[in-house]
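J.: These protein sequence lines are chains C and D, in that order. Taking my numbering, the leading residue of the first sequence gets -17, the next gets one more, and so forth. Taking my numbering, the leading residue of the second sequence gets 261, the next gets one more, and so forth.
These are computed hints drawn from the structure, not numbers from a lab. Here the structure is a predicted model, which means the values were calculated and not measured. Incorrect hints may have been included.
Some, not all, of what chain D presents toward chain C, calculated at C-beta under 8 Å [claimed, not checked]:
1) 296
2) 314
3) 316
4) 318
5) 319
Every residue, glycine too, gets a C-beta built ideally from N, C-alpha and C.
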Amino acid sequence: MGVQRTIYMDHSATTFVKPEVLEAMIPYFTEHFGNPSSLYGIAQYSRKAIDSARVQTAKALGADPEEIYFTSGGSESDNWAIKGVALANRKRGNHIITTRIEHHAVLHTCQFLEKEGFEITYLPVDQYGLVNPVDLEKAITDTTILISVMYANNEIGTIEPVAELGAIARKHKVYFHTDAVQAVGNIPIDVKTQNTDLLSLSAHKFYGPKGVGALYIRKGVRIENLIHGGSQEHKRRAGTENIAGIVGLGKAIELATTDIPGHNATIKAMRDRLIKGVLEKIPNSRLNGHPEKRLPGNFNVSFEFIEGESMLLWLDDEGICASTGSACTSGSLEPSHVLLATGLPVEISHGSLRLTLGDANTEGDVDFVLEVLPKVVQKLRDMSPLYRKSGKEGGCNV
Amino acid sequence: MYSDTVMDHFRNPRNVGEIENPDGVGEVGNPVCGDIMKIFLKIENNVVVDAKFKTFGCGAAIASSSMATELVRGKTLEDAWELSNKAVAEALDGLPPIKVHCSVLAEEGIHKAINDYRMKKGLEPWVEKNPHSHDHAEDLTCDH
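Kindly produce the complete structure, drawing on both the sequences and the hints.
T.: This is how it looks when you write it as structure tokens:
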């Protein structure tokens, strides 16, 4: 293999835990382990820790602390928001609007509700992955009870006009949920001015631990519980709190939202150099997603004539961690539903690569990828029967 | 996810390329499904004297093409025809269940190339003993 170093360019999949975050968490595994529901003195520490994490999280979103509920992560938050609102409001209506490019935590939840008698509208997106607010407004009916549109797409990085979509929802008195799992730390969020009723987030996407997330529920939103049991989280989400995880989430969200513009400037500069370099060096490649309205670290590109998994395997050999929209990695045979929704032809979707930059990266990483990636693509193209067919010169010296 | 043998054949694929004036060519798969395999055979005195491939596909597809071309080299056409997808997968020390179709594709590619040769010679094409109903060309649903 000969891996000299690891170049981690998959920050949208997950991030490392920042040392300050880990440091904040450790005492809650060892010293302050008391169950927050207990009466004795030592349980106070864990109770207080959860309270301050709630304040930190609320501040990062422009919410009130009482509107923050800790969960096990983004998937639970999405499930809770959608199923909870659907069940609590089914007398008002059974129609939910979402988009074709949501994360599976939203899409599969909606598909589940369809089986339970709900009607779901899946809004299309344009070639950049943007939802058209006009389409949303047209889709609203008398029975619409919830609109769920992701803040930013995890695959192609496109940032949706959530404030505008939220305003439409509010005008029609329909609840608006946004899956902001990819947005926190990358885009300034303010739930009040952005007309958001429910918002999902997950700590491990912004240098916090895995297994912990939160759902913001605006005061007054009618929602059923998802996890029944004890009276934790103001009787809304049962289960002994993941104290250390919650502390980590609080610290991580505080760090991630302290200087978003400054942080983004660094990441975006590296990312833009990577995009420019790859598109220049590799012919028959195209950028997926919006050229400007995209997450600062996201680069999603398609290379014609090759398949994504074999690209990932070669990159892995060079120590580069990336991901693909090809079906061959996921075990399904359909390539990324997001790429297909943007109208990218199926065969080209198979040859797509996602590189997501973040705090683990340096300019040197970008140089290395720019050196390695063109060789990998060429190696696979030389092997591909499609390359010749398209009239390109393809040597066979693999 | 992959065995060392699969990774070896993926990293150092044997027999990549095309044969000039091949005696038999077989192309199977479909770009929509994410895999296309093109097998080239050179045949002398009923023996496969050279086999090469070009493949668009995942790691398992490339390794299966590499292994299948290795296995048929030097074989009589009858023996080469007997090469099963199982034999390809076994020679690779196994494939993950979702990748078994890659070895099926390799078997079919070899069969198609052999029949291409037979038809060019004016012979009846051999009939698949165990049709996999896997001809992607008519199967745009990719339902392997």
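J.: For every hint, state whether the structure bears it out.
T.: Going down the list of hints, with the structure as the test:
| no. | hint | in the structure |
| --- | --- | --- |
| 1 | 296 | holds, 5 Å |
| 2 | 314 | holds, 4 Å |
| 3 | 316 | holds, 4 Å |
| 4 | 318 | holds, 4 Å |
| 5 | 319 | holds, 5 Å |
Checked against the numbered hints given earlier, this structure breaks none of them.
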